[in-house]
Amino acid sequence: MSFPHSGHTFPGRTTTLPASDDLRIGISELRWDICRLQEAVVSHAVVDQAVGVVITVGGLRPDQGIDVLTVVAQRTGISLRTVAERLVAWAACEPLSDDLRTALETALRATRPAGTQPATCLVALSQSSRPA
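Each residue of the sequence shown is one higher than the last, beginning at 1384 in the working numbering.
Derived by calculation from the structure, the hints in this document are not laboratory data.
Don't be surprised by glycine CBs; every beta carbon is placed ideally from N, CA and C.
Fair warning: there could be bad hints in the mix.
[Said to hold, decoys possible] Cβ pair distances, simulated, as ranges: (1) Leu1406 / Gly1460: 38 to 44 Å; (2) Asp1450 / Ser1411: 36 to 42 Å; (3) Asp1416 / Arg1495: 37 to 43 Å; (4) Arg1407 / Pro1478: 21 to 27 Å; (5) Ala1493 / Gly1435: 15 to 21 Å; (6) Thr1439 / Ile1410: 41 to 47 Å; (7) Cys1418 / Thr1439: 30 to 36 Å; (8) Asp1482 / Ile1410: 40 to 46 Å; (9) Thr1453 / Ala1475: 19 to 25 Å; (10) Thr1485 / Arg1444: 20 to 26 Å; (11) Ser1480 / Trp1415: 31 to 37 Å; (12) Ser1403 / Ala1472: 42 to 48 Å; (13) Glu1477 / Asp1404: 44 to 50 Å.
Working from the sequences, and respecting the hints, build out all of it.
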C-alpha cells in the first residue's frame, strides 16, 4: 500500500505512509463521510416512519407507501425527508399544512384500491389542521 506524496517507508516493506498533510486531509474527508452517513441513517429512519403513517391511514401496502410519499414530495416541491418529518409530526397530533394535506389526500385517492375509504384518522386529523 502506498500513498502519494509520501516520504515515509517501513524498512523491508513496500508500504509507504502519507505525509502528515495527506493524513489530515484524509481524516477530514472521512469525518465528512461519517457525518453524511449519519444524516442518511436519520433521514432513512424518518422516511420509514412516514411510510408507516401513510400505509396505516391509507390502508395501503408498504410498497405503495413510499410511492405516495414520493408523489406528495413532488407535488408540493418539498423534499422527501421534510415531507416525512411533517407526516410523522402529524401522526403525533401536530397540524398538517393545507398543501401537504391536499397532496396526501390526492395521492391516497389515486393509490387506494377502488371502493375503499380513507382511514377515519386521516379525515379527522385533516379537518383539525384546517384554520377555523
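These are the hints, each one checked on the structure:
no.	hint	in the structure
1	Leu1406 / Gly1460: 38 to 44 Å	holds, 43 Å
2	Asp1450 / Ser1411: 36 to 42 Å	holds, 39 Å
3	Asp1416 / Arg1495: 37 to 43 Å	holds, 41 Å
4	Arg1407 / Pro1478: 21 to 27 Å	violated, 48 Å
5	Ala1493 / Gly1435: 15 to 21 Å	holds, 20 Å
6	Thr1439 / Ile1410: 41 to 47 Å	holds, 44 Å
7	Cys1418 / Thr1439: 30 to 36 Å	holds, 32 Å
8	Asp1482 / Ile1410: 40 to 46 Å	holds, 44 Å
9	Thr1453 / Ala1475: 19 to 25 Å	holds, 22 Å
10	Thr1485 / Arg1444: 20 to 26 Å	holds, 23 Å
11	Ser1480 / Trp1415: 31 to 37 Å	holds, 33 Å
12	Ser1403 / Ala1472: 42 to 48 Å	holds, 47 Å
13	Glu1477 / Asp1404: 44 to 50 Å	holds, 48 Å
Consistency note: the structure conflicts with earlier hint 4 alone.
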